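Protein chains: 2
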Amino acid sequence: MSTPWHHRYAQRTQRMGSSMIRELLKLTERPDIISFAGGLPAPELFPVEAFEAASSRVLRQHGSKALQYSTTEGYLPLRELIVEKMGRYGIEASVDNVLITSGSQQALDLIGKLLINPGDLILTERPSYLGALQAWRAYQAEFSTVPIDDDGLRVDMLEEALCGGPKFMYVLPNFQNPGGVTLSYERRLALIDIADRYGVPIIEDDPYGELRFEGEHLPPLVVLDADKLNGRQYNFQNEPHSYFKGNVIYMSTFSKTLAPGLRLGWIVAPASVIQHCVMTKQGMDLHTSSFIQMVAYEVAKDGFLTEHVRQIRDVYRERRDIMLAAMSEHFPPGVRWTRPEGGLFLWVTLPDELDSTAVLEAAINHKVAFVPGATFYPDGNTRNSFRLNFSNAQPEQIQEGIARLGQVLHNVIEPMPV
Amino acid sequence: MSTPWHHRYAQRTQRMGSSMIRELLKLTERPDIISFAGGLPAPELFPVEAFEAASSRVLRQHGSKALQYSTTEGYLPLRELIVEKMGRYGIEASVDNVLITSGSQQALDLIGKLLINPGDLILTERPSYLGALQAWRAYQAEFSTVPIDDDGLRVDMLEEALCGGPKFMYVLPNFQNPGGVTLSYERRLALIDIADRYGVPIIEDDPYGELRFEGEHLPPLVVLDADKLNGRQYNFQNEPHSYFKGNVIYMSTFSKTLAPGLRLGWIVAPASVIQHCVMTKQGMDLHTSSFIQMVAYEVAKDGFLTEHVRQIRDVYRERRDIMLAAMSEHFPPGVRWTRPEGGLFLWVTLPDELDSTAVLEAAINHKVAFVPGATFYPDGNTRNSFRLNFSNAQPEQIQEGIARLGQVLHNVIEPMPV
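Chains as they are written, first to last, in my numbering: chain A, 1 to 418; chain B, 419 to 836.
A portion of the hints provided could be inaccurate.
Keeping only pairs whose Cα atoms sit at most 20 Å apart, straight-line, the calculated EDC-like set for lysine to aspartate or glutamate is [what the hints assert, rightly or not]:
1. A:K167 <-> A:D149
2. A:K85 <-> A:E400
3. A:K301 <-> A:E80
4. B:K483 <-> A:E44
5. A:K65 <-> B:D450
6. B:K483 <-> A:E142
With the C-beta cut set under 7 Å, the calculated list includes, among others, these residues of chain B facing chain A [to be verified]:
7. Y507
8. F631
9. E632
10. S708
11. L742
12. A743
13. I782
14. N783
15. H784
Quick look at which bits of chain A chain B covers, simulated, 3 or more residues with Cβ under 8 Å [what the hints assert, rightly or not]:
16. 78-90
17. 151-161
18. 260-268
19. 285-291
20. 334-347
Just so you know, these hints were derived from the structure itself, not from any lab.
All of these numbers come straight from a predicted model, not from anything done at the bench.
Don't be surprised by glycine CBs; every beta carbon is placed ideally from N, CA and C.
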């Protein structure tokens, strides 16, 4: 018998990227390991009782409608809630600008399916979100990258990269995953200018924007883009949603504010783009679970989510502070890290010579885990950095885990000639 | 200003196929229309109270775990339940052979993403399931087709089509959507033989197999394929799940037995194929909602689903009988239809000269709706047929709707010269 037919497809899934996230999520399940690896929210903050009450209310009020097929666009009251929520961040949208997705991972997949042809170049930050790289590798995208620093994307290096002719740019402006850094206001303006000049659309991924626990909120790129369009005095007759003629597709999620196990995210875009997205999503899963959407709405409504997000911010601020203080205490000289003003992650840079994957092996022996930085580089070539999550572990675990990690880093750094 | 960048993508979503399903689902919402168009289960059978109790139990027993990220493969107890359920149909699987998907539409999308390169030929039944055509058009598949008759796929015409070199065959053996016909036992054996000879894998889509309300259950293709492999005495050392070395990927769903609004389906395949599927799904939505999977398990377990399916069969049998009797009474000579032994649909064939899309316009004026047959043909060229759903409407609605439709058909057929 010849090689089984399905062996031929191994190469394709390899191209989709390693199963690094999955393997790491498995690691985090080992109870003896203090894991800063996953991107998990703090589960003790999940409003479990509110979900129980909401599930009952949904089934009593809506009965079989909560369990029947529904429209691809998503549950209307949930889209209205998102519109109201977006409005608080200056994003003027209507329900026609909003599509519910099965988590923001589906939004990434959907955008890839709609926009990417094999061999297309996608411009990302360096490092960037692993899930986006994985989603788009499946469409045979190639990546070109621009580095980040403490003020986010190095916009001054953008034009050179744009000359490669990318299909779109992918940017996480707030508390970037994995870097933890935030794109400054000046760079946001410059980025919008350049994107408009080159006619290259921006995918603005904002899963953490609401989780700012320090400093001033900065306007989303989608808002600045719309301001720019308005400033040019385009003709907005018959265009009630003028904000959505622009160059930016915005996306976010309930995963970090309500619960990731729901798998609920959304895309905000010009209505015509949403129509294409709806047709694309229809072929992907028909629609996101009606029951889940109704339950999420029932939990989030009447200001509950807004209040709940305040609580999350307080807890995550405390955990970040504990982690930063522990790092200052335990990490050896020569190690640098970012100081995020929100979100779930910070980024550690080791001396150039070190490979964080090797450090991870040592760390696991010391019962502590993180994600090696190479995973977040499309070319995998930068190896001396890693990501730490500060949202999931308890304060005392953070202190203990960082102390262990400090010991590991002392072991690998101190023997080196200075 | 030049054309907005996103206008360039209109062509791509057009290639994905029309939004026919969506437009039709919208039609069904007009309360004055008796719709046989959608593929909706009977909502009054949804176990709403069981879902309420299950949601509470899940949140009380599992707490935040029900709301946290989980593994891509799916909730283990649900996969075990599926294994047990598959076993009753002769499919010997282990949990390593099962992947939970966000409805079987996602399984179709996933299979397309894994297997289809632009221009690949996919062999389908003629007519075939619209959702599959839509999912695979997005990957730029081309279709070659083999007609069905009352015994399902015309296997005698298969070899000619296989000479075109299709990537895989897509077959719905039980109560096919839209035809309502079932592939006979003899043809199943012949199909497996030919598939094996040509080395062309089969995607066996079986959403309705459990809903047989008449006649004998027939073995799934995946079982016959495994029997054939076993008969050849392959070396099964170190291969505990010998059934899954074969040529068939099997897929099914909870949409027609539990509730479609959950968006829960599954793929059964060789473990190595499932591993590729898992990596693919990871980039698509990370995983299907943990909460939904737990709730579905909690409802389905301890034999509840098995008992519930018996009830569905009884109701659908009655509705089919009422529809068939009404058709015999009201439809004019020259109209033929299939007599399904299960499932949700039957298929009506008009005299060759008639176009069912034109008939639909007349039907809507008479406040009754169906899906024109052309939708289900990849080339759209066969126009004298349409699909009727008998699961969703109440008995009295079925009688009234078929009477109205009979009137419409008399109007269009009688004026024609005989």
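A quick look at each hint next to the structure:
For the given pair, A:K167 sits about 24 Å from A:D149 by alpha-carbon distance, which is inconsistent with the 20 Å threshold. With a C-alpha separation of about 38 Å, the suggested pair A:K85 and A:E400 falls outside the 20 Å cut-off, and the hint is violated. Restraint check for A:K301 and A:E80: satisfied, since their Cα atoms lie roughly 10 Å apart, inside the 20 Å limit. Taken as a hint, the B:K483 and A:E44 pair is honoured in the structure, with Cα atoms around 10 Å apart against an allowance of 20 Å.
With a C-alpha separation of about 19 Å, the suggested pairing of A:K65 with B:D450 holds against the 20 Å cut-off. This hinted pair does not check out: B:K483 and A:E142 have alpha carbons roughly 37 Å apart, beyond 20 Å. Given hint, B:Y507 at the interface with chain A, is violated; its Cβ is 22 Å from that chain's nearest Cβ, farther than 7 Å. The criterion of a C-beta within 7 Å of any C-beta in chain A is not met by B:F631, whose closest approach is roughly 21 Å, and the hint is violated.
This hint is violated: B:E632 has a C-beta 26 Å from the nearest C-beta of chain A, more than the 7 Å allowed. The closest approach between the C-beta of B:S708 and any C-beta of chain A is roughly 4 Å, which is under the 7 Å cut-off, so the hint is satisfied. Nearest Cβ of chain A to the Cβ of B:L742: about 25 Å, over the 7 Å cut. The hint is violated. Taking 7 Å as the C-beta contact cut-off toward chain A, the hint placing B:A743 at the interface is violated, the least distance being around 27 Å.
A distance limit of 7 Å between C-beta atoms decides the matter here; for B:I782 the minimum to chain A is near 20 Å, and the interface restraint is violated. Given hint, B:N783 at the interface with chain A, is violated; its Cβ is 25 Å from that chain's nearest Cβ, farther than 7 Å. About 25 Å separates the beta-carbon of B:H784 from the nearest beta-carbon of chain A, more than 7 Å, and the hint is not met. Residue count for the region 78-90 of chain A with a Cβ under 8 Å from a Cβ of chain B: 0. That is fewer than the three needed, and the coverage hint is violated.
Chain B is given as covering the region 151-161 of chain A, and this is violated because 0 residues of the stretch bring a CB closer than 8 Å to a CB of that chain, at least three being needed. Counting residues of the region 260-268 of chain A whose CB falls under 8 Å from any CB of chain B gives 4; the rule of at least 3 is met. Under a criterion of three residues with beta carbons nearer than 8 Å to beta carbons of chain B, the stated coverage of the region 285-291 of chain A is upheld, 7 such residues being counted. For the region 334-347 of chain A, the proposed coverage by chain B is not satisfied: 0 residues have a C-beta within less than 8 Å of a C-beta in that chain, short of the threshold of three.
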